[in-house]
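Q: Chain by chain, the residues run as shown.
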Amino acid sequence: MTSPKTMTIAKAINESLRTSLETDPKVLVMGEDVGKLGGVFRVTDGLQKDFGEERVIDTPLAESGIVGTAIGLALRGYRPVVEIQFDGFVFPAYDQIVTQLAKMHARALGKVKLPVVIRIPYGGGIGAVEHHSESPEALFAHVPGLKVVSPATPSDAYWMMRQATECDDPVIFFEPKRRYWDKGEVDTAAVPAPLHRARIAREGTDLTLAAYGPMVKTCLEAAAAAEEEGHSLEVLDLRSMSPIDFDTLQASVEKTRRLVVVHEAPVFLGTGAEVAARITERCFYHLEAPVLRVGGFHAPYPPARLEEDYLPNLDRVLDAVDRALAF
Amino acid sequence: MSVKSTAARSSRGGAKRRGGAGRKPELVQLLTPEGERVEHSEYSIDLTPEELRGLYRDMVFTRRFDGEAVTLQRQGELGLWASLLGQEAAQIGSGRATRPDDYVFPTYREHGVAWTRGVDPLNLLGMFRGVNNGGWDPNLNNFHLYTIVIGSQALHATGYAMGVAKDGADSAVIAYFGDGASSQGDVAEAFTFAAVYNAPVVFFCQNNQWAISEPTERQTRVPIYQRAAGFGFPGVRVDGNDVLAVLAVTRAALEHARSGEGPMLVEAFTYRMGAHTTSDDATRYRLDEETEEWAAKDPIARLKAYLANEGLADETFFAEVEAESDALAKRVREGVRAMPNPEPMAIFDNIYADGHALVDEERAQFAAYQASFEGSEEGAAR
Ligand SMILES: Cc1ncc(C[n+]2csc(CCOP(=O)(O)OP(=O)(O)O)c2C)c(N)n1
Ligand SMILES: [Mg+2]
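For the protein sequence lines, the chains are Z and X, in the order given. By the UniProt record's numbering, the letter at position 281 of the first sequence is numbered 281, and the numbering carries on one by one without gaps. By the UniProt record's numbering, the letter at position 304 of the second sequence is numbered 304, and the numbering carries on one by one without gaps.
Check before you lean on any hint, since a few could be wrong.
[What the hints assert, rightly or not] Derived coverage of chain X by chain Z (criterion: at least 3 residues anywhere in the stretch with Cβ under 8 Å from a Cβ of chain Z; other residues may be distant):
hint, stretch
1, 67–79
2, 212–226
3, 230–242
4, 314–326
5, 348–361
Don't read these hints as lab results, they were simulated from the structure. The beta-carbon is built from N, C-alpha and C at its ideal position, and this holds for glycine as well.
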């Protein structure tokens, strides 16, 4: 038994991939610059050196090619974990993901499995040029046949990546890139929670903040600030956007009677819209206020010098909290 | 280059790889790395001393401006910069081959081409500073916005060229892209469309040997210019560090397009002397020795040697160019530092040409939210 270690989210994913490569000879890591460079965020650092070019594969610069060939490799019995370099570059592969990857198991009457993991560093906050800060998770959660998850802590990064790699369905794995260097404890001997189970990140009684990925930290900070003003907020880390753990969410909202959903992605037709609709259905008589959403605007992700204004932050979250509490 | 040797090279593990520098290049050259004029059977050029000096000036200015941008990034004035160091001849030679009515579709590294089109260098810096996502009117200089999503612009260029042909105009279009981009489906589709519609477009591939950390061998088994043959149009490889050859070949390719002969692919064989961008560390994946080899083929040094040896320029001229480039660098430095941050409400500008109710609603909500902080220090500090 190894004792828990402190590491960053980036390192936790690296360790997770390493364990999968060690334990399952069918696992492959593929993507642009994942080899010698170790990926532009160094998430695959050292893997090619230790597992060779046959298993940690630098691919040609073609996302449709990466996902399309990952599908073929999966049909042949491999378990590819592919990296899309940045959120904005997944779209050349969107056709393969939506029309092929998501539907193939059903079309083959369950006779073939598509254990493909697509890793996507996503979200803003790093001062990048355009196409490097987007949150397209709803575009994938909307597609039947795909599972969509996003960790918020190093421990979840490690375990959820392990579970995604062992999952027999395609998993879109969104990595909160601005939190890559956040540290936390990882216990590689622990028994992890199920992949699609939500996690109570902080207990509270007056209102539930639901978030995932990069916004969990923002919500925890908001809850700490609200405590000073005398409000007890519960923070729920959804972890999975498809499926969503509505049972855990419902239990929380039945207790707190108020819900604010936070994500970086545009609010319009986003994950928060689905959460609001379902929770309104399930908890109509418990709710003291309408479910509110905090997120991006119906606007292209702005240039870096405006991203602080665009992204949900402490103030924007607390503004919604105040409005919900005032109902 | 044989298929066998490529396969052997690409499967080699362990040590850092070499880019395409080890290949035997079969390319059009008019000026050797030592600065000697040589002739080519198909491509020739005859420039006045003034034109030659102009190309030199363009390259020095471009390099100076590019170096200044790297410094500005280090100083925190820019978020990122993609340096063109080493690719000055490929860009100045091809850019100077275009006519004002031609249309250029760049990647994110075409600072030298932008210069030849009359785009103010300061405009290029706005996007890298993070004050806009493009920032210039493409129609002012027939120079489209920088495109970051690899390969997309090859299709836009092709479509634009199809429009030019429909209009019966004799303009040409030039699409820039890299060796990495040559793998993208969009680029292959652009080749297909351009070929079947005989579109007046020149595909200008700067093979700088690297796509971030991946050498050209990761993208192709044949030299890139040879791909054109399979699509049914000519391809040619030119010494991308030889500004005279690039100018001659690109002129011919644009002329080919203009005269109704359809598309052509030019592969400019060059080298990315710097890291991929200021965020990259090239020492992780490539050998210093390779960079040194290419330094000996420097595009500016060879033209300078030629100008000096032939008595086409003297020390006064070189000193003048130096002084002018210092002045340009100063203007850029001061201009960038003075560049204002955009107003937060600009988030909602120009999203639709005809307006949109949801944008209007969110704009109003955001304005009210912003206003709620006015006069409240507590709120702003929270
Ligand atoms: C569709 C897409 N995928 C990935 C990237 C990330 N990326 C940016 S530049 C680059 C390498 C490009 O290489 P090349 O085409 O040779 O151009 P160069 O940078 O060498 O000028 C990559 C992979 C991107 N911008 N767009
Ligand atoms: Mg390149």
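Q: Going through the numbered hints above, which ones does this structure break? Give me the numbers in ascending order.
A: Violated hints: 1, 3 and 4; rest satisfied.
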